[in-house]
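Trainee: Taken in sequence, the protein lines are chains A and B.
Just so you know, we're using the numbering used here here: the first sequence kicks off at 1 and counts up by one.
Just so you know, we're using the numbering used here here: the second sequence kicks off at 1 and counts up by one.
A few of these clues could be false.
Claimed, not checked - Across the chosen pairs, the derived CB separations fall in these ranges: (1) A:Thr17 <-> B:Leu112: 42 to 50 Å; (2) A:Gly16 <-> B:Pro79: 32 to 40 Å; (3) B:Arg77 <-> A:Glu52: 37 to 45 Å.
Unchecked claim - Covered, in the sense of this in silico footprint (three residues per stretch, anywhere, with C-beta under 8 Å from a C-beta of chain B), are these stretches of chain A: (4) 28 to 42; (5) 60 to 66.
Hints were generated in silico from the structure; no laboratory data involved.
Cβ atoms here follow ideal geometry from the backbone N, Cα and C, with glycine treated the same way.
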Amino acid sequence: GAVVSQHPSRVICKSGTSVKIECRSLDFQATTMFWYRQFPKQSLMLMATSNEGSKATYEQGVEKDKFLINHASLTLSTLTVTSAHPEDSSFYICSASSGRRSYNEQFFGPGTRLTVL
Amino acid sequence: AQSVTQLDSQVPVFEEAPVELRCNYSSSVSVYLFWYVQYPNQGLQLLLKYLSGSTLVKGINGFEAEFNKSQTSFHLRKPSVHISDTAEYFCAVSKSGSGGSNYKLTFGKGTLLTVNP
Chain A
1 GAVVSQHPSR VICKSGTSVK IECRSLDFQA TTMFWYRQFP KQSLMLMATS
51 NEGSKATYEQ GVEKDKFLIN HASLTLSTLT VTSAHPEDSS FYICSASSGR
101 RSYNEQFFGP GTRLTVL
Chain B
1 AQSVTQLDSQ VPVFEEAPVE LRCNYSSSVS VYLFWYVQYP NQGLQLLLKY
51 LSGSTLVKGI NGFEAEFNKS QTSFHLRKPS VHISDTAEYF CAVSKSGSGG
101 SNYKLTFGKG TLLTVNP
């Protein structure tokens, strides 16, 4: 159980275009989803936290107009990289957790490799 | 705010040898602690976690970790490693008792464990 999928797994796009990445919880309802960014050989940096039906909370330094996050249902969150540029190239990973207890495990998706030419 | 320091960026070992991956954290409040494993181009898988109770935590794949509050450490150990353990390992921390969207993970920079035959 507790499977999280991401689509696409890889995407290559031209500079200036927008790219949408989907994150789905396949067998549980995710009240909270997280989006991370990982540069090569570096750690995961949290970009934003989203709760179903409400606006995402962005971490300091993350441009909310550039990285649009939508969490429209309990099983789907999307990250749209708008007007992508080469510096946006990275590995994007989502995670999902359920419930509002003091501890809720995050289940991670397999990641999406974005390359902007 | 919390921070995590993984002292070794790379740890090479021979197959069947014991290994310890070091993790120290900094926090002004009580924390939960985690170890995750990441295989190439994949998401993260939870190895083990410390929430409360016994300071020795056993996880999957034969790994264990010990929470040492006085030394603010949470080192990961395995008595005998396999080739298949070759991966990136991340230590992470979150505030304890945080619910919902406040439950955020802060990751260390990761340790690449390479198991050689």
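Trainee: May I ask which of the numbered hints given earlier this structure violates, with the numbers listed in increasing order?
Mentor: Result: hints 1, 2 and 5 break, sorted rising.
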